[in-house]
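Trainee: Residues per chain, in single letters:
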Amino acid sequence: MNQAVLFLLLLLPQQNDGSRLAGHVPAAALPGVHAIIARATQDSLPTEPLVEKALEGGAKGAAPDLIVTAVGAEEARLRNARDLLRGAGAPGPYGVSEIQSVSLALARGLPDRIVSKVVGAVRDTAPGFALHAVADLSAHGFVQDSSASLIVAALRTGLTGHRLLDVAAAADREVQRGSTRMQALAKVRAILPAIPSQPVPPGAMQGATRPKKSGG
Amino acid sequence: MTVGEGPSGSSDAEVIAQVLSGDVEAFGVLITRYEGGLLRFATRMLGSRDAAADAVAEGLVRAYRHLASCRDPARFRTWVFRIVANRCKSHLARRPVGDVSLDDAPPLAAPDNTDEGVERTDQLERLERALAQLAPEKREAFVLKHLDGMSYEEMSAVTGERIPTLKMRVHRAREALLAALREPS
Amino acid sequence: MTHDFDPRIHRALDGELDRTALTPEERTLVERLDAASRALSDFPAAPGGTLTHRVMGIIRRPLQSPVERFRRWLTSPHPVTLSLRPVYSVIVAVLLVALLWRAPETPLLAKHEGVAQFVARFPEAHSVAVVGPFNDWRPEATPLSDDDHDGVWDARVILPAGPHEYMFVVDGERWVADPMAGKYVDDGFGRQNAVMEVRPVRSE
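Residue numbers (our numbering), protein chains in the order written: chain U, 1 to 216; chain D, 217 to 401; chain G, 402 to 605.
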């Protein structure tokens, strides 16, 4: 009975994903991609990011072996992301978007130890914005450890979610005003939590539409 | 005055937030802050003060109407330069190729009738002619780099071009202007 | 006629090489270019405030869309006499209701959704689309528009709050990472995707 259930569990996602991938991913890549998706399903990892990576490769005209390699790398990153969440003591269960945002932060170049440090400080909320605030600072040339320390300090003053992106933006603005990066981090830390927030412009939602995914 | 900040100390981001919250008059602060640089850029691009004033005015009106889509208010300067650069391209596209008039180019700040002054005027005219004869994309790159003092990263944000492409354009523009200075008048 | 200059001159002018490393002849050329830039930058200021006055005058005038002008015409008193059979009166009434009632343009967003504003400058393009995991990387799914044909394309897309990878597809064939994104990630296929963080419209 358990084997039958497992067989169905393995089969069903592939049937759904299979219809989404067929015609959009080279046929030569499909066996390898399906095998990776099946393994992820068995290990309770999110599979949607893997389907998306395969579709991305197909849309970009990548060679089949490159698509399989990229999907495999994505699976490894998702696995690492979940392990880091567990290791940092983040309360489970972990949603797809939570694991994905940690995976993307890793892809943006944050090392495991920085991810662990930030996830450990976030506690009860999702770590995505905190991690990407650190990644934003890193992309602007700030030292990763110092960036992580600033975001952790911001978390301790009660700032959470997208407000942490404002912290990163404030540090970047200080550099544009002529401060060195270390000076900028110190200035922003000194004014926490009173960081100006980015206002939502009036009319920003007008005409906005929801994107459509292909049927599955 | 630091780019992005005015005598009052309000950053561009702060002024933009004011405008978006309904204070239309606050947009005047941004116009005053950037009109000089924008006019200089547009005049060198179009070779005409009047055309430049039109292009900059159109660009600033458009910037106001689309202020909500200025994704990074701290980089307002490059964003508004991009809009005005597009308006200049539209103006140029409506003209016959090569028709960049110097007749109403701006006069020197202080006309000087000494021998040195006459030589400076002659040199400036040669430079302006050489600048006008550059292809628009090279002219734009030179003006942004050497007259507006932008970094290549800022120029990339204004033009949408890759940095290596911009460097090549600036280099060719420099060579053309220096060659113009060497030629006998 | 142009001359090919030593790349060292360009590197010095770009701030990538100390000018003291140049030969005297090279330094002369650099100084000549600096002087040329100063001369071209020497710009008499415009008469004070004229541009500000002109622009502020335009933006103070309220914008009226064609629909609003028509609605104002409909709702202001005009002497119009119509003699219709009752059935035609009903049809006209239904048509008027359909014209006057405007479905809200502002969509309802869930608590953890936000609006991603995609803006790109491609003045020579005939079409620009944004692609990402949110539309299965399909260029036909989310086109940008350039209604005033000034080369600036944009679209607003409702997405879950958080980071999103994306690229632009120009004229259906050229894939471009948004040069204004400032944040990128390797896509695993030899290119880079831009990254945008969508903020929730409603605060937590």
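Keep in mind that the hints are not guaranteed to be accurate.
To be verified - Computed list of lysine to any residue pairs in SDA-like fashion (alpha-carbon distance at most 20 Å, straight line):
no., chain 1, residue 1, chain 2, residue 2
1, U, Lys-213, G, Lys-584
2, D, Lys-383, D, Asp-364
3, G, Lys-584, D, His-307
4, G, Lys-512, U, Thr-209
FYI, nobody ran anything at the bench for these hints, they're computed from the structure. It should be emphasised that the depicted structure is a prediction, and the values quoted were computed from it without experimental measurement.
Trainee: For a quick check of understanding: which of the numbered hints are violated here, in increasing order?
Mentor: 1 and 3
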